[in-house]
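J.: Listed below, chain by chain, are the residues.
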Amino acid sequence: MKEYIIKRLALGVVLVVAVSFLVFSLMYMMPGDPIDIMISDRVSEETKAEMAHKYGYDLPFFTQYFNWVKGVCHLDFGTSARYRQPVWSLLGARIPYSLRLCSLSLLVEMLFALPLGLLCAVKKDSWIDKFCVNVSLVLTAVPAFWFGTLLIVVFAVGLGWLPISGYQTPAHYILPVAAIAFTSVGSTLRITKAEVLEVLHEKYVTTAYAKGLPRKRVLVKHVLRNSLIIVVTLTFMSIPWMITGAVITEKIFAFPGMGNLLLNSIVVQDMPVVQAVLLIIAILTVICNLASDIITAFLDPRIKDTISGGEN
Amino acid sequence: MGEKLLELKDLSIDYKIKDGYLSAVNKVNFTIDRGEVFAIVGESGCGKSTLAHSILRLLPGGNEIVTGEIHFKDEDLTLVDQERMEHVRGKEIGMIFQNPLDSLNPVFRVGDQIEEALLLDDMSEEDAYKRVIELFKDVKMPDAEERAKSFPHELSGGMRQRVMIAMMLSRNPELLIADEPTTALDVTIEAQILEILKQMKKEFNAAIMLITHNFGLVAEIADKIGVMYAGEMVEQGDVFEIFENPQHPYTKLLMKALPSGTKNDGRLQTIDGSVPRITEKKPECRFANRCPLADEKCRTENPPMEWISDTHYCKCFHLGEEEK
Ligand SMILES: Nc1ncnc2c1ncn2[C@@H]1O[C@H](COP(=O)(O)OP(=O)(O)OP(=O)(O)O)[C@@H](O)[C@H]1O
Ligand SMILES: [Mg+2]
Numbered sequence: 001m002k003e004y005i006i007k008r009l010a011l012g013v014v015l016v017v018a019v020s021f022l023v024f025s026l027m028y029m030m031p032g033d034p035i036d037i038m039i040s041d042r043v044s045e046e047t048k049a050e051m052a053h054k055y056g057y058d059l060p061f062f063t064q065y066f067n068w069v070k071g072v073c074h075l076d077f078g079t080s081a082r083y084r085q086p087v088w089s090l091l092g093a094r095i096p097y098s099l100r101l102c103s104l105s106l107l108v109e110m111l112f113a114l115p116l117g118l119l120c121a122v123k124k125d126s127w128i129d130k131f132c133v134n135v136s137l138v139l140t141a142v143p144a145f146w147f148g149t150l151l152i153v154v155f156a157v158g159l160g161w162l163p164i165s166g167y168q169t170p171a172h173y174i175l176p177v178a179a180i181a182f183t184s185v186g187s188t189l190r191i192t193k194a195e196v197l198e199v200l201h202e203k204y205v206t207t208a209y210a211k212g213l214p215r216k217r218v219l220v221k222h223v224l225r226n227s228l229i230i231v232v233t234l235t236f237m238s239i240p241w242m243i244t245g246a247v248i249t250e251k252i253f254a255f256p257g258m259g260n261l262l263l264n265s266i267v268v269q270d271m272p273v274v275q276a277v278l279l280i281i282a283i284l285t286v287i288c289n290l291a292s293d294i295i296t297a298f299l300d301p302r303i304k305d306t307i308s309g310g311e312n
Numbered sequence: 001m002g003e004k005l006l007e008l009k010d011l012s013i014d015y016k017i018k019d020g021y022l023s024a025v026n027k028v029n030f031t032i033d034r035g036e037v038f039a040i041v042g043e044s045g046c047g048k049s050t051l052a053h054s055i056l057r058l059l060p061g062g063n064e065i066v067t068g069e070i071h072f073k074d075e076d077l078t079l080v081d082q083e084r085m086e087h088v089r090g091k092e093i094g095m096i097f098q099n100p101l102d103s104l105n106p107v108f109r110v111g112d113q114i115e116e117a118l119l120l121d122d123m124s125e126e127d128a129y130k131r132v133i134e135l136f137k138d139v140k141m142p143d144a145e146e147r148a149k150s151f152p153h154e155l156s157g158g159m160r161q162r163v164m165i166a167m168m169l170s171r172n173p174e175l176l177i178a179d180e181p182t183t184a185l186d187v188t189i190e191a192q193i194l195e196i197l198k199q200m201k202k203e204f205n206a207a208i209m210l211i212t213h214n215f216g217l218v219a220e221i222a223d224k225i226g227v228m229y230a231g232e233m234v235e236q237g238d239v240f241e242i243f244e245n246p247q248h249p250y251t252k253l254l255m256k257a258l259p260s261g262t263k264n265d266g267r268l269q270t271i272d273g274s275v276p277r278i279t280e281k282k283p284e285c286r287f288a289n290r291c292p293l294a295d296e297k298c299r300t301e302n303p304p305m306e307w308i309s310d311t312h313y314c315k316c317f318h319l320g321e322e323e324k
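Which chain is which? The protein sequence lines are A and B, in order. Just so you know, we're using our numbering here: the first sequence kicks off at 1 and counts up by one. Just so you know, we're using our numbering here: the second sequence kicks off at 1 and counts up by one.
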């Protein structure tokens, strides 16, 4: 197991390095001069050249890349062209908000998707199943920004129950969390349902009934528990999607997370910030994939054995 | 004769399929007394598992129609409520399944899966664990303590079947339904499993409904035999009566096809043709198209139940006739 984790980590590092290179070269090739963004047009060419030299923009591509990577290793992502602040301090203030938003959304999503998925499978073709499946189809099809706007119009503007935007109190989280959770709940619900339906036909479920376990116990302990192996794996792999998806939602609710920062920075071509955010998302993706594999191994002893090569 | 434990009356099971019905079990009657071993033999696909599952109401659910009565002690199991049924399962009737390989939950330790059953009967966890180890020793599981902590995939097929048997014996049921308990296992393991079943019959006076292809197994342990063909019980009688004096042409062919004692690949293959899928109930003998004695009458009328002795009956128009 340990060996496996180390191997996976090493692979993750390689991936992150590759992504970092891609991100950096993409940004390098983008039209637009970073110096122009930092200062007004009326500065002389000479001053511009001085600035470019100061920030290292006049160096060859690979030197720039290596300098950037060296900095990143010390959490120095450079200086934001727009805010004239170290990128890390900008990010440091925003990452906790994004993480909080996403983990709450994930929690809410699971709280709805798992029990409802189980219910839909057990009561397949009943009105409740049809209702949930249809609603989840609609919710999956609806774009998050549209749904978020709808929530604002109804609950904040119309009914006035909740704040329109901001982040200061727990109440500020309700609408953005709802916007993210409910637009992603559909797919998880359907995966859960499909998986439960599959497991329901397994012979060990019949065994569980045959030994006299009450129905509810069978459904939760044997059926749901075994369905979770796949559901949890897929959910963990979907976290990066959720984070990128939250970008728009953050914008709508003027929520000071990474996504909002990313959007604003793309608009004004604040490259150091864009690079940093993309890199962080890449790292999160690698971590989530690793976490998903490890969790799967713990949920399923068969997998655990194969990856630890049979030694217990 | 002991006290009557299980009695099936005119039990029929149809599966709803795409275009109509499949008659998997048709008007089956039999009784099992306390302490008695009733063996059901018949080819693959003749409805043995369907019959066995229906007793505990463990059919897949959704597409089956069960009619008739299943009397167990003093109630009809087709009529009792869900809660009562949950109490019957495991506690009063245990069941061992045909395929031990995927009958255990892959994510829990096998000891825990047995403990789970034991804990249904107000038992402390400590006692339950001790009982698991005892049960494992009863079913001759090597390294009982060690194996209790194993996951199913770490065990061989024979070990898994032992786990299943231990699990189903754990609450001392009065009736054990064993659906081909040894088909998936090799001959030595088969003998050991047979030994366990015999012992449990002796020790707990448990009744066993044993489904098998193996006449050797039947001869060793059974008191009564029912021969099933295409969902119907075509002949039934005491083990001696059936072995000494088989009446139904199908029974005779079966016994010829399967010399008792050998395993013959676990499946019967030497009778030409295979069990028909009956999708239309009409007056006929279901064996007619494969029967060496069949005539016009067999194809147009239901053969009646002919009693050869108090305990032995056969459904055939051609009793006493020999194959030409
Ligand atoms: N859920 C189902 N839906 C439709 N048909 C079914 C279903 N289960 C079983 N059958 C059919 O019912 C018939 C009897 O099947 P069953 O499993 O009871 O046979 P069996 O005697 O146990 O055979 P084997 O010796 O191979 O275990 C078969 O023709 C089978 O295809
Ligand atoms: Mg069967």
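Simulated from the structure, these hints should not be mistaken for lab results. For glycine and all other residues, C-beta sits at the position ideal for the given N, C-alpha and C. A hint or two may mislead.
[As the list claims (entries may be wrong)] Listed next, with one range per pair, are the computed distances between beta-carbon atoms:
| id | chain 1 | residue 1 | chain 2 | residue 2 | range |
| --- | --- | --- | --- | --- | --- |
| 1 | B | Ser124 | A | Ile164 | 56 to 64 Å |
| 2 | B | Val187 | A | Ser126 | 46 to 54 Å |
| 3 | A | Leu111 | B | Asn289 | 57 to 65 Å |
| 4 | B | Val187 | A | Val13 | 49 to 57 Å |
J.: Which hints, by number, does the structure contradict?
T.: Violated hints: none; all satisfied.
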